[in-house]
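K.L.:
Take the sequences, apply the hints, and build the full model.
Those letters in the sequence shown? Residues 806 to 983, by our numbering.
Hints are computed from structural coordinates only; laboratory data are not their basis. We treat Cβ as the ideally placed atom computed from N, Cα and C, and that holds for glycine. Treat the hints with care, as some may be off.
Stated by the list, open to error - No farther apart than 27 Å at their CA atoms in a straight line, the calculated lysine-lysine pairs in the BS3-like style are these:
| hint | residue 1 | residue 2 |
| --- | --- | --- |
| 1 | Lys887 | Lys905 |
| 2 | Lys887 | Lys944 |
| 3 | Lys853 | Lys911 |
| 4 | Lys944 | Lys961 |
| 5 | Lys964 | Lys914 |
| 6 | Lys906 | Lys961 |
| 7 | Lys961 | Lys911 |
| 8 | Lys961 | Lys887 |
| 9 | Lys906 | Lys887 |
| 10 | Lys906 | Lys944 |
| 11 | Lys944 | Lys914 |
| 12 | Lys944 | Lys964 |
| 13 | Lys911 | Lys964 |
| 14 | Lys914 | Lys961 |
| 15 | Lys853 | Lys944 |
| 16 | Lys911 | Lys944 |
| 17 | Lys905 | Lys944 |
| 18 | Lys887 | Lys911 |
| 19 | Lys964 | Lys853 |
| 20 | Lys961 | Lys905 |
| 21 | Lys887 | Lys914 |
| 22 | Lys853 | Lys914 |
Unchecked claim - Here are the simulated distance ranges between beta carbons:
| hint | residue 1 | residue 2 | range |
| --- | --- | --- | --- |
| 23 | Lys853 | Asp900 | 36 to 42 Å |
| 24 | Val920 | Lys961 | 18 to 24 Å |
| 25 | Thr895 | Ser857 | 36 to 42 Å |
| 26 | Ser818 | Ser962 | 27 to 33 Å |
| 27 | Asn854 | Asn909 | 18 to 24 Å |
| 28 | Asp900 | Gln958 | 30 to 36 Å |
| 29 | Val865 | Ser818 | 36 to 42 Å |
| 30 | Glu908 | Glu965 | 27 to 33 Å |
| 31 | Asp900 | His833 | 37 to 43 Å |
| 32 | Ser962 | Leu897 | 24 to 30 Å |
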Amino acid sequence: MEQYKKANRLFFSFGDLYKAIMGLIAYHVPYPSFITALLHKMRGVRIKNVWSVFIAYHVVIDSIHPDMVEIEEGAWLTREVKILAHYNPTPLQRDIVGGKKIENVKIGKGAFVGVGAIILPGVTIGEGALVGPGSVVTKDIEDYMWVAGNPAQPIKSLKELKAGPDNNRSVVRSDGRK
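P.N.:
Take a look at the structure:
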């Protein structure tokens with residue numbers, strides 16, 4: 806019973822409080838995206854260029870270790886994306902899986918993470934990769950790979966998709982209209 810009491814004690818520094826407050830503000834700022842990116846950078850997320858990334862509102866980037874997350878230029882994080890850089894097991898689980906796990910997470914240049922996706926600790930999302938909505942990413946994703954599902958599985962290399970004169974840099978709708 807004593808181990809559970811210890812686990813519930815609250816230990817934090819003013820730096821942790823600052824990160825939490827900035828994260829809370831960033832979570833609720835809907836527009837413009839560079840302000841959300843700037844707030845996350847201020848709390849420790851490694852963002853190379855806040856002007857080039859898109860971070861939507863309601864995105865959660867690790868609350869305890871935001872400094873373990875790197876977001877490269879041109880990356881897009883859409884609504885409700887969750888990025889975790891740590892795992893902290895319960896006291897009972899520690900006997901089986903060991904202690905706290907903290908690992909870097911990297912979102913590559915030009916990568917797109919769909920609505921509601923969850924990125925787990927230790928994952929690298931490659932350059933230009935596309936993560937489908939609601940996916941749970943447990944392993945690294947290759948450059949220009951389209952993945953989806955729980956756990957996220959490769960669908961197709963984006964390099965296999967051909968951009969023709971009718972759909973290059975334009976919106977493609979299922980009803981054929983532009």
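K.L.:
With 30 to 36 Å as the target window, see if Asp900 and Gln958 comply at their CB atoms.
P.N.:
For Asp900 and Gln958 the Cβ distance comes to about 32 Å; the hint holds.
K.L.:
Range first: 36 to 42 Å. Now tell me if the beta carbons of Thr895 and Ser857 are that far apart.
P.N.:
Because 39 Å falls inside the window, the suggested range holds.
K.L.:
Straight-line Cα separation of Lys964 and Lys853 no greater than 27 Å?
P.N.:
Within the cut-off at roughly 25 Å; holds.
K.L.:
Between Val865 and Ser818, does the beta-carbon spacing fit 36 to 42 Å?
P.N.:
The hinted range 36 to 42 Å is violated for Val865 and Ser818, with Cβ atoms some 21 Å apart.
K.L.:
Given the proposed pairing of Lys944 with Lys914, does the C-alpha separation stay at or below 27 Å?
P.N.:
18 Å, holds
K.L.:
Just tell me: holds or violated, for the beta carbon distance of Asp900 and His833 against 37 to 43 Å?
P.N.:
Between Asp900 and His833, where Cβ atoms are some 39 Å apart, the hint holds.
K.L.:
Lys906 and Lys961 were given as a pair; does the straight-line alpha-carbon distance stay at or below 27 Å?
P.N.:
Judged against 27 Å, a Cα distance of about 31 Å means the pair is violated.
K.L.:
Are the Cα positions of Lys911 and Lys964 separated by 27 Å at most?
P.N.:
Holds, at roughly 21 Å.
K.L.:
Are the Cα atoms of Lys906 and Lys887 separated by 27 Å or less?
P.N.:
17 Å, holds
K.L.:
Between the alpha carbons of Lys887 and Lys914, is the straight-line distance 27 Å or under?
P.N.:
Measuring from Cα to Cα gives roughly 18 Å; hence the hint holds.
K.L.:
Check the following: the C-beta atoms of Ser962 and Leu897 are separated by a distance inside 24 to 30 Å.
P.N.:
Roughly 42 Å apart at Cβ, these two residues miss the hinted range, so it is violated.
K.L.:
Would the hint linking Lys853 and Lys944 be met if the CA-CA limit is 27 Å?
P.N.:
Holds - the C-alpha atoms of Lys944 and Lys853 are around 23 Å apart, at most 27 Å.
Violated hints, in rising order: 6, 20, 26, 29 and 32; the structure is consistent with all others.
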